[in-house]
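Numbering (this note's numbering), first residue to last: 214 to 341.
These are computed hints drawn from the structure, not numbers from a lab. Positions of the beta carbon are idealized from the N, C-alpha and C atoms, including for glycine. It cannot be assumed that every hint is accurate.
[Claimed, not checked] Pairwise CB distance ranges (calculated):
#1 222 with 328: 48 to 56 angstroms
#2 328 with 226: 40 to 48 angstroms
#3 272 with 238: 49 to 57 angstroms
#4 231 with 268: 51 to 59 angstroms
#5 335 with 234: 50 to 58 angstroms
#6 324 with 246: 18 to 26 angstroms
#7 285 with 245: 50 to 58 angstroms
#8 256 with 339: 29 to 37 angstroms
#9 241 with 283: 46 to 54 angstroms
#10 330 with 283: 15 to 23 angstroms
#11 223 with 331: 55 to 63 angstroms
#12 256 with 300: 29 to 37 angstroms
#13 242 with 301: 53 to 61 angstroms
#14 316 with 235: 53 to 61 angstroms
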Amino acid sequence: MNSPARNKGFSLLEVLVAFVVLAMTLSVLLAIFSQGLRSATLSGDYQRATVLAEARLTEAMVLESLRDGVREGSQPPYRWRSTVQVPEWAADSSTRHPLRPYEVTVDVSWDEAGRTRSVSLSTLAIGR
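Take the sequences, apply the hints, and build the full model.
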């Protein structure tokens, strides 16, 4: 029969099992936390790229008076390209009208973790 003095405390095996369970739990929590941080960073990158694309879209429509052409530039770490053109469906129009539709497209791209990410915005605008 076991003596009462012998059942006090934990055995070495019980302590090791508890440490293994604790280590596994902490490693899973750390992986979840780091994935959340990566997702938050990527979300911020997409948000900044979208704001840049919106600014370039507005610039192309307002400051450049909707002239056909392509402009490119960079705002590190982002690269942007804006294209203003008459859509194909409107270019073949036989009627001459002082107002024309223009398709304005802005593409913003950047490199992140060895991959190229991009955001593209497009709209139609009426110009002369």
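Now for the hints, and whether the structure bears them out:
The given range of 48 to 56 angstroms is respected by residue 222 and residue 328, whose C-beta atoms sit roughly 53 angstroms from each other. Between residue 328 and residue 226 the CB atoms are about 47 angstroms apart, so this pair conforms to the stated range of 40 to 48 angstroms. Residue 272 and residue 238 have their C-beta atoms about 51 angstroms apart, which keeps the hinted 49 to 57 angstroms range intact. Checked against the hint of 51 to 59 angstroms, the C-beta distance between residue 231 and residue 268 comes to roughly 56 angstroms, which is consistent with it.
A hinted range of 50 to 58 angstroms holds for the C-beta pair residue 335 and residue 234, which are about 53 angstroms apart. The supplied range of 18 to 26 angstroms is met by residue 324 and residue 246, whose beta-carbon atoms lie about 25 angstroms from each other. For the pair residue 285 and residue 245, the supplied restraint of 50 to 58 angstroms is violated, since their beta-carbon distance comes to about 40 angstroms. The beta-carbon spacing between residue 256 and residue 339, approximately 34 angstroms, falls within the hinted interval of 29 to 37 angstroms.
About 49 angstroms separates the C-beta atoms of residue 241 and residue 283, a value consistent with the hinted range of 46 to 54 angstroms. Distance hint for residue 330 and residue 283: a CB-CB separation of about 21 angstroms, consistent with the stated range 15 to 23 angstroms. Checked against the given bound of 55 to 63 angstroms, the beta carbons of residue 223 and residue 331, roughly 56 angstroms apart, stay inside it. For the pair residue 256 and residue 300, the beta carbons lie near 32 angstroms from each other, so the given range of 29 to 37 angstroms is met.
Evaluation of the 53 to 61 angstroms hint for residue 242 and residue 301 yields a pass: the beta carbon distance comes to about 54 angstroms. Range check, residue 316 to residue 235: Cβ separation about 59 angstroms, and the 53 to 61 angstroms hint holds.
Going through the hint list in order, the structure does not satisfy hint 7, though it satisfies all others.
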